[in-house]
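A.B. asks: Each chain, letter by letter, is given below.
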Amino acid sequence: MRESHRRAQPHRRAQARARVRARVRAGRRSGRSPTAPPRSFVWTRRVVLSLLAVFAAVPVYAMLTSSLKPLEDVTGQFRWWPSELTIRPYIDIWHTVPLARYFLNSIIVAGAATGLSVAIAIVSAYAVSRYRFRGRRLFTVTVLSTQMFPGILFLLPLFLIYVNIGNATGIALYGSRGGLILTYLTFSLPFSIWMLVGYFDSIPRGLDEAARVDGCGPIGALLRVIVPAATPGIVAVAIYAFMTAWSEVLFASVMTNDTTRTLAVGLRGYATQNDVYWNQVMAASLVVSVPVVAGFLLLQRYLVAGLTAGAVK
Amino acid sequence: MITAVRPDRRGRSGAGGGAPAAPGGAPGPGGRRRRTLDRLRRGGLPYLFLLPALVMELLVHIVPMLVGIAMSFKELTRFFISDWSGAPWAGLDNYRFVVDVNRPVGAALLQSFGITCAFTVLAVGLCWLLGAAAAILMQDPFRGRGGLRALFLTPYALPVYASVIIWAFMFQHDNGLVNHVLHDQLGLTDQPSFWLIGDNSFAALVIVSVWRTWPFAFLILMAGLQTIPRELYEASAIDGAGVWRQIRHITMPSLLPVNQVLVLVLFLWTFNDFNVPYVLFGRSAPSAGDLISVHIYQASFVTWNFGTGSAMSVLLLAFLLVVTGLYLPLTSRTRRRRGHDARVS
Amino acid sequence: MRRLRIASATVAATTVLLATATLTACGGGTPTTAGGAPGNDKPTTLTYWASNQGSSLEDDKRVLAPELRKFEQQTGIKVNLEVIGWPDLLNRILAATSSGQGPDVLNIGNTWSASLQATGALLPFDDAAFAKIGGKERFVASALGSTGAAGKPPAAVPIYSLAYGLYYNKQRFKEAGITKPPATWAELVAAGKKLTGDGKYGLAIEGANNAENAHHAFVFAKQHGADFFDAAGKARLDSPQAVEAVKQYVGFMANDKIAAPGNAEYAQNESIGDLAKGKAAMLLWQAAGRQLKARGMKPDEYGVAPVPVQSGAPGQGANVNSMVAGINIAVFKNTRNLDGALKFVRFMTSDAEQKVLNSTFGALPPVVSAQQDPAFNTPELAVLRGALATSAAPLPQVPDESQFEELIGTAMKDLFADAAAGRPITTETVRKRLSEAQQQMPK
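Chains as they are written, first to last, in this note's numbering: chain A, 398 to 710; chain B, 757 to 1101; chain C, 650 to 1092.
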């Protein structure tokens, strides 16, 4: 629609360009860029973004400094600049709780849940986006409604189902990483499907129909045409699915044991019966977050482009 | 993700979406049978594609949900927890118990519900506001934009436990950063305030929730902005519109479809959020910060009475269904109208 | 379209099947042992859920591992240990109870005994079971009083015992000219007032910790002649005596002003830190010695005295000055290695193990013969042992005990929050909070 709107007025646009050019020239003379936003906007931008930056940064800063203080200092009066710096917390974190194992568990669980969730979401979204069939609407609505039941309440039924499956088939879902992967992939599935349907819809149907004419089956068209075209959207969904699994506390606290515990729960181990090792909590949180933040920033470019394609159409 | 809500406009592109032409379409005695088979195969294909998702959803969401609903009709206290089938049916007793606002349980639930609504509206509103402000102000390149973007996204990438515990640490009465700044350094308060207990706990909850979630809104809106064609801005600049008018007349209307989904998702997440209040306050939240999810947890897990907890959850589910059911058609209509206006003007 | 119908029918059938399977067939435990009766078909391994007793979960593992190896050498049974933090332990037990899929042996907070007993998930220690672990007489009577409802076989046996003592900072006492620790609350308040000033306070209180609050409420109520549960197990949280009791305790902050308002949000043992730093001069705590040491306070810097009473000397009845605190060890009813589990309980409660474990964890052995060991004769532990022997009472052994702790603890947390905000704490305000708590108790 915007296309046609634009095409309909070539004349006006040409005129407009000429006017902008004229103003650019005028601006050069007066020493101010004409396309630069007005002063009020620049100042608003400076003030608002500075405030937001402070809001975002202060807790991160507090985390960083606290992680470098001895425990007595952390529990004492807060100071902006620590009187004594130590890297001991960064050494101790590995002994107070088996952080490395938790980290590995989290990576495995979140990684596998993400991979599977994205794969399943892709096929489902493909079906919803490219096929007309009965129950299509019912499916999307049901998927949406699963986001409305408070998680705390299906914790116990789910646990029972896993135990019963285990008893009946010998597949250990409870206490295993597998059960957690299954749980988390389902947590992120609804929103992932939702989002991917949007992305897929934005890919012209002509593309995959052409592939079908060239002899691709439906799966071929999906893999060769749609998936590459929707890569950014898929990355976006993957990041979302990963963060869902990475952060979940409640289900992990009941469904894992010592060997399969994930970070989200494991970090609580620094608050023990006797003491809260604030400095170690902070240090450990930072250490485990660094790879995530890094990956996040690396993928950010895709994410931005991807959400664009999917969310808006 | 819009599909669920948008009236389908693709119907005309043909049912099935299958192969453009039936292979071996020569009419003959065997042809008809083959066609039927083909049609069947094609008709079944989308269901096959949905099967994995369906199985997973059934296993992890839907069946537990149905069990949860069944639980709400049972008297599932600790005496029966080890043998659910032996728990007596309670009929509507659990519901009667939790909605009786003249008794403390019902009154507490109602209060918790009210607090959750207020919290959700505030938190979602602020998340959206901050996200939109940051996204719009960072639309044009300027020095340091990349760094700022990285900083803004960091809170979303921290595990929930880490990001809540740092706030709990900063909100401490005696040694926390917040009181250090407000009381010691700025002298804004006569006395150091309590943030984790008492009435301020509501504010603390909103702050933590917004801090954690607004980057998500920022991200989505930032992405949404990039689809707005540059030409729209150029054209309006030429018509003499300033930045502020452009934001009002181009940016905001163009963001409507993104907003529709974003606000709904934020709403559902925030309303049901368990992790933030649980990590911030522990098992028993102060009454000003008593969100419904922790309230239900307290009512079922801490006291081991799953019947009433389930009844509360079912009521919550019904409420969210109604809200979503009203929200989607309403916003879709506004969206279409406003979106249309934006393009015409 | 036929396929569609088949598909939806399959889906519906699966749903119904799964749902009914979950609702009806669960809780039955393992398929090999019908009806959840204990069995012995897995005689060589045991799973043990230990509670967090040391400074971290890993620390606990380091302490327990060599002991479990000893057990394996003696019996050939391998014990799979999992140490579970307190925030998760009850939920894990709950999940285990509802599914029948749990450990063989587990630690429980002793105040949970009656609640868990009511679920039927724990093996009752009848005479036969006691005979297998060395007899009932081996255990300290007061500790055994906190293992389940009266008149029923205990649901667990005690493994670590604790009691409350009054910890005080000797230096601060000397500075304030106080020569002996207070023995009555009036003396404590008087001393507290002398010790309060210059940003320092007389008493540290863990005001936002539900369990601590509930324990103190129980003791103060006893001293005012009230019980929160009557003989029939019916709760009465808001009796006039209970109101006075709670008011007295919260009043230390609200009316006597001997505790810092900031204590109202303490829930993570901050008060121990306050005592160690001298910010507060007194603290009521169970076996704080090890934690004080971890915070840099040496044993000769603090004294331990019996928790004060209203008047007279600690004893029973209105002179109770501590709850019976501690950890119990229980056998999960669905165990598939019953004999092994009982052997393990016997091992863990043997004199030798009791000495090792309790001295490491800074607790007292609930086993009479082990308690005589000189390791438990420190000035600190002697006071706690005295309390356990003569003046401690078990929390009510009723199924609703956990609700009671949660509700009254929360009510007191709210009262402390009010006190900290400067709102008055009167008989009326306390009664209002307690009545609300009362009305939320199950009928």
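Hints listed in this document are in silico derivations from the structure and should not be mistaken for laboratory results. Note that the structure is a prediction, hence the values are computed from the model and not measured. One or more of the hints may lead you astray.
Claimed, not checked - Facing chain A, a subset of chain C residues (Cβ under 10 Å, in silico):
id, residue
1, S747
2, Q940
3, G945
4, P948
5, G952
6, A954
For glycine and all other residues, C-beta sits at the position ideal for the given N, C-alpha and C.
A.B. asks: Would you mind marking each hint as holding or not holding in the structure?
C.D. replies: Hint-by-hint comparison with the structure:
1. S747: With a closest approach of 6 Å, the S747 of chain C hint holds.
2. Q940: holds (5 Å)
3. G945: holds (7 Å)
4. P948: violated (16 Å)
5. G952: violated (21 Å)
6. A954: violated (22 Å)
Checked against the numbered hints given earlier, this structure breaks hints 4, 5 and 6; the rest are met.
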